[in-house]
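S.K.: Protein chains in written order, with my numbering: chain G, 302 to 838; chain Z, 302 to 838.
Simulated from the structure, these hints should not be mistaken for laboratory data.
Check before you lean on any hint, since a few could be wrong.
One copy or two, either will do: identical chains are not told apart, so a pair holds if it fits within one copy or between any two.
What the hints assert, rightly or not - Mimicking BS3-like on lysine-lysine, the simulated pairs with C-alpha atoms at most 25 Å apart in a straight line are: (1) Lys-626 / Lys-815; (2) Lys-667 / Lys-526; (3) Lys-385 / Lys-412; (4) Lys-510 / Lys-412; (5) Lys-587 / Lys-815; (6) Lys-771 / Lys-701; (7) Lys-667 / Lys-510; (8) Lys-511 / Lys-685; (9) Lys-412 / Lys-511; (10) Lys-325 / Lys-396; (11) Lys-837 / Lys-748; (12) Lys-837 / Lys-543; (13) Lys-303 / Lys-727; (14) Lys-561 / Lys-662; (15) Lys-306 / Lys-341; (16) Lys-587 / Lys-702; (17) Lys-665 / Lys-511; (18) Lys-837 / Lys-510; (19) Lys-818 / Lys-696; (20) Lys-837 / Lys-564; (21) Lys-813 / Lys-652; (22) Lys-538 / Lys-510; (23) Lys-685 / Lys-510.
From a predicted model like this one, the values you see are computed outputs, not experimental measurements.
2 protein chains.
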Amino acid sequence: MKNIKINRALISVSDKTEIVELAKVLRGFNCEIISTGGTKKILEEAGIKVTDIREVTGNPEAFGGRMKTISFNIESALLFDREKDKQEAEKLNIKPIDIVVCNLYPFSKVKESGADLDTLIENIDIGGPTMVRAAAKNFKYVTTITDVSDYDAIIKELQENKGCISYNSRFRLMRKAFNHTADYVALISTTMDEQAGERSLRLAFEDGKKLRYGENSHQEGFFYKEIGAGNSLFDIKVLHGKELSYNNIGDIQSAVDSVKNLKRFGCAVIKHNNPCGLAEGDNQRKVFEAAWNGDPISAFGSIIAFNKPVDLNTVEFLNLNNENKRMRKFVEVVIAPKYSEEALEYLQFHKNLRVIEFDPKDSKQKFEIKYLAGSLLLQDCDEKLYEKIEKVTEKQLDCKKELLEFGLIGMMQIKSNSIAIVREMKNGNFQLLGMGAGQPNRLVSTKLAIEKSRENLNNEFEGNPEDFDKYFTEELGKAVLISDAFFPFADNVELAAEAGIRNIIQPGGSIKDKTVKRKCNELGVAMAFTGIRHFKH
Amino acid sequence: MKNIKINRALISVSDKTEIVELAKVLRGFNCEIISTGGTKKILEEAGIKVTDIREVTGNPEAFGGRMKTISFNIESALLFDREKDKQEAEKLNIKPIDIVVCNLYPFSKVKESGADLDTLIENIDIGGPTMVRAAAKNFKYVTTITDVSDYDAIIKELQENKGCISYNSRFRLMRKAFNHTADYVALISTTMDEQAGERSLRLAFEDGKKLRYGENSHQEGFFYKEIGAGNSLFDIKVLHGKELSYNNIGDIQSAVDSVKNLKRFGCAVIKHNNPCGLAEGDNQRKVFEAAWNGDPISAFGSIIAFNKPVDLNTVEFLNLNNENKRMRKFVEVVIAPKYSEEALEYLQFHKNLRVIEFDPKDSKQKFEIKYLAGSLLLQDCDEKLYEKIEKVTEKQLDCKKELLEFGLIGMMQIKSNSIAIVREMKNGNFQLLGMGAGQPNRLVSTKLAIEKSRENLNNEFEGNPEDFDKYFTEELGKAVLISDAFFPFADNVELAAEAGIRNIIQPGGSIKDKTVKRKCNELGVAMAFTGIRHFKH
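Same shape as in the complex, but just chain G:
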């Protein structure tokens, strides 16, 4: 596949950035430049000789600019096969155009400006996509540039190849041109549907990477970048370790979401998409320990995320270079916005551990979707913690508002039915002490959260075993139990109160709210309603 000498260019751009530079280089190789309206003016002002497109089309610019480029002559010059159709072209007096430089007028900007239907319609480009698609179709001979960011590479290539462009470049730019047009046309179609009060949705992804496999090894798995997305999970830097797996990536999203809204040092421990550990506080090492101790069994093989740069002292908690292998804490992935040099070096003691540089704050999700068989559910993200904290019992909640917020952040990441028990530790750190996830029956989630809290408190308890129950009840009395949805009966309150829980927040809204409140008053439990349910499936 040979290089093609660029003898004739058609330039018609809405974004004029660097167009003069590109045109100058083309002229330097004696390339004729055909241009239209505004582009022509700018090039001529820069002293570049330009052929008016009307000389080529043989037609006037007509109908308020609706007809500029579309013509037998232009599209023929782009489309004819330089070998098969050579004689026919000569007979018809069609001279080849070798490069098209065209970026479509940004319809998205017009749309964002809140334009009315007439204005939107006027801004639908017909000629641009036609010449871009015609040039792209004939990429065997023609180069199509639709993106300013490609100018530099093309200039370099022209200079290195005596004014020629290679097949590989033409092929790559052809794909870009078709993608560019597809995005453009898609936006128009969804916009017109919107104008009719109809909803359509077109999602576009690129750069698909084949992963080793999907959730399981008999499933193929792929990872794509959303076209137009900023700094996303796709762009995370793996500083060390094995390739990320399908399940790693899903867990990383959960991990990042769990810590991104924490204000102090935050750390999440993720297993099967649920945070089984979460903590926040002023000392990162202590925070890591507290998160880990939320479920020190499940934490093995987990995904760990930090919301702030990580130092050596923090990661040394993993004991990666301990001579006693059993003391080493194995985790799959560590994510943080940054690592100190020493921390990074330390993490590399473990050959396979994936060390990832990504700032959780950069994770911006537009909406959530659930792809079903032939259909799709879409919703905006659940980002509001609560409506208000409304006292509904005789007793007032006895804890900081910040602890409630921490607990809500954690609970919101746990699959429904979800119950979280959180506490403020003696050192001022907040900790997810126990959680219950994914149960069909809320009572079981409450039971699981209490059992886990008991285990964890037992792990930290240093007194006489016979005093543990007292310690357990006391500690739970200082904690808060958070429910993702209302209590349908009073049984959850009974169970929680029996274990020692004295503070509960939940959305409220059950027909049994009265019974639930009465039970709280009877058992000396403080309860507040948040007004917002947080189902997550």
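We have chain G; now place chain Z onto it with these hints.
M.R.: Just chain Z, lined up with the frame of chain G:
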């Protein structure tokens, strides 16, 4: 917005279905018909007078058909503003074209045929999308038909309106035209990426319905149909009851997936996306009871799916018209391929109960996706139950292969870590006796499955309470425990064996497999490996 009399039509279609009928109607209103190549031939053979497009363009058909319609005259005739540009058009001798009938050559067929790059390229239509988009842009005056299924409505409208088409029709068809072009262009762009060994993905959805809200009431929620999908969840018929909610729809997918591969009568009870009840057998009523009794507490407010037509006897189990309200079983949704008249009438005793007609077998999912912040995971669906059932202990599994398959089907729908305990009942039905879902620690899932089994067996036990433990152990001895992933330690086996479990299947593949097998042999447990993990998150 006025009706437009159709005086001049441009017809160029690849799918010739019913084109003669449409053209005849147009001619009946004295409409001039301009046409190209194959379409022209067919119309003329049917005795319809046709203007050759070359008479309008003033150009030859050139370059092996690459240039046919694109011309100053055609696109001007479509694009000029009938009011503002009237005089200019007259001066340029441009006569308006009022309707374009054009369906693009189905690129997808060429692609599916495995065509090479050259053939694909040759089949990229440039002129078609140009004239469709030009006509659609000028929908204020021009009608654009891109779909044979619209001919009938247009014929009717022409006949009722003396050869005119209304603004509303033009608007609707404009949207269709832009959508059609968007799909077409999208397919080309992903195909060209494929040709380069790159993966891009474009998903398109239409008919978005605003739901009351998303997973929670402070989130907006929408439901879309995938463009091109067959009979999907979007098309389910709600025969009775309230509007489906966001969570209903997600649960319906889980319910449908849980029963669609069952061979005998099947029933699933879904809560929070997990089947908490599942059964299969020869008697539908008994199957419903068995499924319900898998978790008779959580079953309240659940989603119920059947895989076969439902009769009155089955649904009477719900006790909907029982005088004692407490005896009535409240469920949110019932799904079945069909209902007997009596069954349907009975279900309407409950005002809000959504009764849905949908055959679970019609649910065809192309792949699974997980939409993350600015990126996307995609995998093919998990459809293979097992590689082989490989005995790995001294004892052989003591149960039917069909029971194993039933259990695998159930377990595969339960969120990881997932443990299912299934049994064959005395009446030959298979039942999910207990399950553990969504736990970070597999041991907890096992514990949950055993506890639920104990509760359920206790509910059915009719002997002396002191004899229950014996009954429990015996019944569990006949059941099978199924794990979605390997056991990392022998503790799961110990816990299961202690409860009475004697049959276990799991994928195998842990570095501790040997220890696990040894523990089975020691405790008299039969274990088989399936070779396939079934994580589901």
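S.K.: Are the hints correct? Go through all of them and say.
M.R.: Here is how each hint holds up against the structure:
{"no.": "1", "hint": "Lys-626 / Lys-815", "verdict": "between (55 Å within a copy, 20 Å between copies)"}
{"no.": "2", "hint": "Lys-667 / Lys-526", "verdict": "both (14 Å within a copy, 20 Å between copies)"}
{"no.": "3", "hint": "Lys-385 / Lys-412", "verdict": "between (43 Å within a copy, 24 Å between copies)"}
{"no.": "4", "hint": "Lys-510 / Lys-412", "verdict": "between (32 Å within a copy, 22 Å between copies)"}
{"no.": "5", "hint": "Lys-587 / Lys-815", "verdict": "neither (41 Å within a copy, 38 Å between copies)"}
{"no.": "6", "hint": "Lys-771 / Lys-701", "verdict": "within (23 Å within a copy, 51 Å between copies)"}
{"no.": "7", "hint": "Lys-667 / Lys-510", "verdict": "both (22 Å within a copy, 19 Å between copies)"}
{"no.": "8", "hint": "Lys-511 / Lys-685", "verdict": "between (35 Å within a copy, 20 Å between copies)"}
{"no.": "9", "hint": "Lys-412 / Lys-511", "verdict": "between (35 Å within a copy, 22 Å between copies)"}
{"no.": "10", "hint": "Lys-325 / Lys-396", "verdict": "within (22 Å within a copy, 41 Å between copies)"}
{"no.": "11", "hint": "Lys-837 / Lys-748", "verdict": "both (19 Å within a copy, 24 Å between copies)"}
{"no.": "12", "hint": "Lys-837 / Lys-543", "verdict": "between (30 Å within a copy, 22 Å between copies)"}
{"no.": "13", "hint": "Lys-303 / Lys-727", "verdict": "neither (73 Å within a copy, 76 Å between copies)"}
{"no.": "14", "hint": "Lys-561 / Lys-662", "verdict": "within (5 Å within a copy, 42 Å between copies)"}
{"no.": "15", "hint": "Lys-306 / Lys-341", "verdict": "within (23 Å within a copy, 40 Å between copies)"}
{"no.": "16", "hint": "Lys-587 / Lys-702", "verdict": "within (21 Å within a copy, 52 Å between copies)"}
{"no.": "17", "hint": "Lys-665 / Lys-511", "verdict": "both (24 Å within a copy, 23 Å between copies)"}
{"no.": "18", "hint": "Lys-837 / Lys-510", "verdict": "between (28 Å within a copy, 21 Å between copies)"}
{"no.": "19", "hint": "Lys-818 / Lys-696", "verdict": "within (11 Å within a copy, 55 Å between copies)"}
{"no.": "20", "hint": "Lys-837 / Lys-564", "verdict": "within (23 Å within a copy, 32 Å between copies)"}
{"no.": "21", "hint": "Lys-813 / Lys-652", "verdict": "between (54 Å within a copy, 21 Å between copies)"}
{"no.": "22", "hint": "Lys-538 / Lys-510", "verdict": "within (15 Å within a copy, 39 Å between copies)"}
{"no.": "23", "hint": "Lys-685 / Lys-510", "verdict": "between (34 Å within a copy, 24 Å between copies)"}
Of the numbered hints stated above, those contradicted by the structure are hints 5, 13, listed in ascending order.
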